[in-house]
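Protein chains in written order, with the working numbering: chain A, 27 to 243; chain B, 27 to 243; chain C, 27 to 243; chain D, 27 to 243.
Certain hints may be false.
Where chains are identical, the list cannot tell them apart; a pair therefore holds if satisfied intra-copy or between any two copies.
[To be verified] No more than 20 Å apart at the CA atoms, straight line, and that leaves these computed lysine to any residue pairs for SDA-like:
1. K241 x D123
2. K181 x H48
3. K241 x V186
4. K94 x E149
5. K241 x N197
6. K182 x A227
7. K181 x V50
8. K94 x P154
9. K241 x S124
10. K94 x P132
11. K241 x T41
Since the hints were made in silico from the structure, they are not lab data. None of these values were measured; they are calculated from a predicted model.
Take a look at the letters that make up each chain.
Protein chains: 4
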Amino acid sequence: MKPKNNSMLPPHLVTSYDRDAHPVEFGRVLALSDGVFAIALTLLVLDLALPAVTSSSLASTLTNMWPKFLAFAISVFVVAMFIDVHHRQLRLIQRLDSALLGLNIPYLTLVVLIPFFQGVLSEYPTEPLAYALYALVIGAINTIDGIMFWHAHRKKLLRVALPPRHLRVENWRAVIPVLLCLLSVPMAYVIGAWTALFWIALPVADRFLSRLEQKMV
Amino acid sequence: MKPKNNSMLPPHLVTSYDRDAHPVEFGRVLALSDGVFAIALTLLVLDLALPAVTSSSLASTLTNMWPKFLAFAISVFVVAMFIDVHHRQLRLIQRLDSALLGLNIPYLTLVVLIPFFQGVLSEYPTEPLAYALYALVIGAINTIDGIMFWHAHRKKLLRVALPPRHLRVENWRAVIPVLLCLLSVPMAYVIGAWTALFWIALPVADRFLSRLEQKMV
Amino acid sequence: MKPKNNSMLPPHLVTSYDRDAHPVEFGRVLALSDGVFAIALTLLVLDLALPAVTSSSLASTLTNMWPKFLAFAISVFVVAMFIDVHHRQLRLIQRLDSALLGLNIPYLTLVVLIPFFQGVLSEYPTEPLAYALYALVIGAINTIDGIMFWHAHRKKLLRVALPPRHLRVENWRAVIPVLLCLLSVPMAYVIGAWTALFWIALPVADRFLSRLEQKMV
Amino acid sequence: MKPKNNSMLPPHLVTSYDRDAHPVEFGRVLALSDGVFAIALTLLVLDLALPAVTSSSLASTLTNMWPKFLAFAISVFVVAMFIDVHHRQLRLIQRLDSALLGLNIPYLTLVVLIPFFQGVLSEYPTEPLAYALYALVIGAINTIDGIMFWHAHRKKLLRVALPPRHLRVENWRAVIPVLLCLLSVPMAYVIGAWTALFWIALPVADRFLSRLEQKMV
Numbered sequence: 027m028k029p030k031n032n033s034m035l036p037p038h039l040v041t042s043y044d045r046d047a048h049p050v051e052f053g054r055v056l057a058l059s060d061g062v063f064a065i066a067l068t069l070l071v072l073d074l075a076l077p078a079v080t081s082s083s084l085a086s087t088l089t090n091m092w093p094k095f096l097a098f099a100i101s102v103f104v105v106a107m108f109i110d111v112h113h114r115q116l117r118l119i120q121r122l123d124s125a126l127l128g129l130n131i132p133y134l135t136l137v138v139l140i141p142f143f144q145g146v147l148s149e150y151p152t153e154p155l156a157y158a159l160y161a162l163v164i165g166a167i168n169t170i171d172g173i174m175f176w177h178a179h180r181k182k183l184l185r186v187a188l189p190p191r192h193l194r195v196e197n198w199r200a201v202i203p204v205l206l207c208l209l210s211v212p213m214a215y216v217i218g219a220w221t222a223l224f225w226i227a228l229p230v231a232d233r234f235l236s237r238l239e240q241k242m243v
Numbered sequence: 027m028k029p030k031n032n033s034m035l036p037p038h039l040v041t042s043y044d045r046d047a048h049p050v051e052f053g054r055v056l057a058l059s060d061g062v063f064a065i066a067l068t069l070l071v072l073d074l075a076l077p078a079v080t081s082s083s084l085a086s087t088l089t090n091m092w093p094k095f096l097a098f099a100i101s102v103f104v105v106a107m108f109i110d111v112h113h114r115q116l117r118l119i120q121r122l123d124s125a126l127l128g129l130n131i132p133y134l135t136l137v138v139l140i141p142f143f144q145g146v147l148s149e150y151p152t153e154p155l156a157y158a159l160y161a162l163v164i165g166a167i168n169t170i171d172g173i174m175f176w177h178a179h180r181k182k183l184l185r186v187a188l189p190p191r192h193l194r195v196e197n198w199r200a201v202i203p204v205l206l207c208l209l210s211v212p213m214a215y216v217i218g219a220w221t222a223l224f225w226i227a228l229p230v231a232d233r234f235l236s237r238l239e240q241k242m243v
Numbered sequence: 027m028k029p030k031n032n033s034m035l036p037p038h039l040v041t042s043y044d045r046d047a048h049p050v051e052f053g054r055v056l057a058l059s060d061g062v063f064a065i066a067l068t069l070l071v072l073d074l075a076l077p078a079v080t081s082s083s084l085a086s087t088l089t090n091m092w093p094k095f096l097a098f099a100i101s102v103f104v105v106a107m108f109i110d111v112h113h114r115q116l117r118l119i120q121r122l123d124s125a126l127l128g129l130n131i132p133y134l135t136l137v138v139l140i141p142f143f144q145g146v147l148s149e150y151p152t153e154p155l156a157y158a159l160y161a162l163v164i165g166a167i168n169t170i171d172g173i174m175f176w177h178a179h180r181k182k183l184l185r186v187a188l189p190p191r192h193l194r195v196e197n198w199r200a201v202i203p204v205l206l207c208l209l210s211v212p213m214a215y216v217i218g219a220w221t222a223l224f225w226i227a228l229p230v231a232d233r234f235l236s237r238l239e240q241k242m243v
Numbered sequence: 027m028k029p030k031n032n033s034m035l036p037p038h039l040v041t042s043y044d045r046d047a048h049p050v051e052f053g054r055v056l057a058l059s060d061g062v063f064a065i066a067l068t069l070l071v072l073d074l075a076l077p078a079v080t081s082s083s084l085a086s087t088l089t090n091m092w093p094k095f096l097a098f099a100i101s102v103f104v105v106a107m108f109i110d111v112h113h114r115q116l117r118l119i120q121r122l123d124s125a126l127l128g129l130n131i132p133y134l135t136l137v138v139l140i141p142f143f144q145g146v147l148s149e150y151p152t153e154p155l156a157y158a159l160y161a162l163v164i165g166a167i168n169t170i171d172g173i174m175f176w177h178a179h180r181k182k183l184l185r186v187a188l189p190p191r192h193l194r195v196e197n198w199r200a201v202i203p204v205l206l207c208l209l210s211v212p213m214a215y216v217i218g219a220w221t222a223l224f225w226i227a228l229p230v231a232d233r234f235l236s237r238l239e240q241k242m243v
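The following block holds chain A by itself, in its conformation from the complex (with noise of 0.2 Å):
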């Protein structure tokens, strides 16, 4: 099921790229996005500098950084989570309007925001606030992604029309995510540096009902 699309219009007004009738156009938006990703993921090893001040041994040094490569395996952790989101999202994809490809825009300036936020945490391991913008951040780049999907079904953008059923598992896939990141906002003040295991959950649960899903067909 093909969705209709403006090729009829001249080029310069068409503002939505199909999938086979504009792989040029439709290859630079997912090309910006895996830079995106090549460069946040590249972006999380500026935090661990070396503190100036070097009369310690490397050692001890390297000992008292750990927050900061907690901080780093956390964020590197997210980061791949939303490489494999973003690949599964739009590999469903047929066409990308002009809504979509202004959600991708907001998405990627919420994934270059996660090494600032994980600076954050390393600079402040023990303060809950610094866990609960983290989760926030991690919770609005599900929303736009649960947003994205949602309105590409809406529009017939999708490649294939899914069946009720698994519509109804996609839509769990991404509102769970959403719920468990705000639930470790307030946790967050309770449970401090723990939170990060909410974040962790993440995949787990979309593994499980991915494999829910792959019992439907």
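Starting from the structure of chain A, add chains B, C and D where the hints point.
Relative to the frame of chain A, chains B, C and D by itself:
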């Protein structure tokens, strides 16, 4: 109407890349451009460094950083606008001649300078000069964009020959952003930070003209 | 011998990307990887910052930076080796399943950590621990590379079924770099900076085994 | 005249990538190169950091930064020149053998070092050594470029066999930039900052020879 290309020349003398005859080389120019856009979008976040002195609470530290967050948000908006403009512009091009290849470099260089002028804005949020410089950079990018379109039209490098009335609207779409930016330079000395509203008006005006043009078909 | 793929599933449930059936998605994984390699290669240069105090002459400043230049040269060599290894590895893969996609992320993350451990090396050029850590990172990347190959072979994700004697050489090509890296960890405490010679031996050993294998055809 | 390639070998033993037989692998080398170019172009801007002490007015701060802006402009020009050279060079190549793949890495590494030597230039704008080093880096990149062309010609890796008289002009196009760079090294001690004029002459000379060659067809 596919323009004549110089594919009769031996390949080492070809100085222009046709979308269909040289897809690898045409694609490299797009890949380079999208790489620069992805990095520019990511560099914006480097301005958001936490201050070195971390004696105060996280909440007050972040609150005091509001000019940085504002400059970040404006810059994301501006870079996203140019990503859209560049994708739209290149979509119209059938053949990149050496003039277009040459103009693409100052275009990308000015995009790469946006993070620097964002830093100037966030460091001097009360200086009208900071806004005036930012406006000049945006205006210069829009000017190059307009020259690229005008050159491509004159040299028949576009994928379609635009009918005159479309061409007239396209000219306005090129000229109006430059005028808005030039106007915002003196306004920076009158309305200060509100100058950013002029820049936010750029894509709004463009959307309006685009709608107008779509009704012409 | 093209392995069976799950293209019968609706696209939102496909969890593996076939080189031919899903070229866009397969290509995104390569683009992300090459993006990370390009940025890792570039981050290496950030360690070469001139010291803030610039009272001395340029010549003496640059001469005093020799450990930084040495660490830079070693890291470029190491990253270039992994670029070659990754390109060679992925060239053999017909289908990326979720295990390979999952292993690619720690692979890339460790590559991204090389600039950090280069900084450690250039800051502590006389500490054996700095060399030992660097060796562990290289060894870990080679280990993941070996696991990816072994997994792809077992799950029949390779483009060709390798004959047993080729497979034996390929196994040595995977194991020897890991052994060299592990051996270089204790050696770091004996021979100090000369440990880097072990790393330079990695591609030499690989080239030798590759030649051996080509004669088998 | 398509050169013989080793596509009879099993894929894990292929050590060269043909433009048509291995488009994915050929494309990865280009993607990596364009990624490095995009990041190099972007790193140039990092040298433009505002000074930490911000007591003076913005106008005077920016005016005092003129050596940084000049070094930035020169470097953008130089990097843009190498982007053009690399695109032109690779366009001629039918097959990337292991020598060309190996030479591409020091080529890209030297491109990535340009931002570092830009920083040296902007920090020591009155030191002839800074200009001499910069010239040596540009000269080295041009030398590698010439070796790549010469190797590709000898090993019949080019897409077309160039007629002798074209080959002679192409040789001059490879040699003249190297000579100009070598000449500018001693000149740096005589004319200081004006040495940059030699570098600006590089693409002018190339354009002239290119015109000459086009008339030969």
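Each hint, compared with the structure:
1. Taking the shortest Cα distances, K241 and D123 sit within 20 Å of each other only across copies (18 Å), while inside one copy they are farther apart (32 Å).
2. Proximity of K181 to H48 under the C-alpha cut-off of 20 Å is restricted to the intra-copy arrangement: shortest distance 18 Å within a copy versus 24 Å between copies.
3. In the homo-oligomer, the alpha carbons of K241 and V186 lie at most 20 Å apart inside one protomer (18 Å), although the nearest pairing across protomers, at 31 Å, exceeds that limit.
4. In this homomeric assembly, K94 and E149 come within 20 Å of each other (Cα to Cα) both inside a single copy, at 8 Å, and across copies, at 18 Å.
5. Only within a single protomer do K241 and N197 lie at most 20 Å apart by alpha-carbon distance; the minimum there is 17 Å, versus 36 Å between protomers.
6. In this assembly of identical chains, K182 and A227 lie within 20 Å of each other by CA distance neither inside one copy nor across copies; the values are 31 Å within and 31 Å between.
7. In this assembly of identical chains, the alpha carbons of K181 and V50 never lie at most 20 Å apart, being 22 Å within a copy and 23 Å across copies at closest.
8. For a Cα distance limit of 20 Å, the shortest separation of K94 from P154 inside one copy, 16 Å, qualifies, whereas the shortest one across copies, 23 Å, does not.
9. Taking CA atoms no more than 20 Å apart as the test, K241 paired with S124 passes between copies only; the shortest distance there is 17 Å, against 35 Å inside one copy.
10. Taking identical chains as interchangeable, the C-alpha atoms of K94 and P132 lie at most 20 Å apart only when they sit on different chains, with a minimum of 17 Å there against 26 Å within one chain.
11. Taking identical chains as interchangeable, the C-alpha atoms of K241 and T41 lie at most 20 Å apart only when they sit on different chains, with a minimum of 14 Å there against 38 Å within one chain.
The structure does not agree with the numbered hints 6 and 7 stated previously, though it agrees with the rest.
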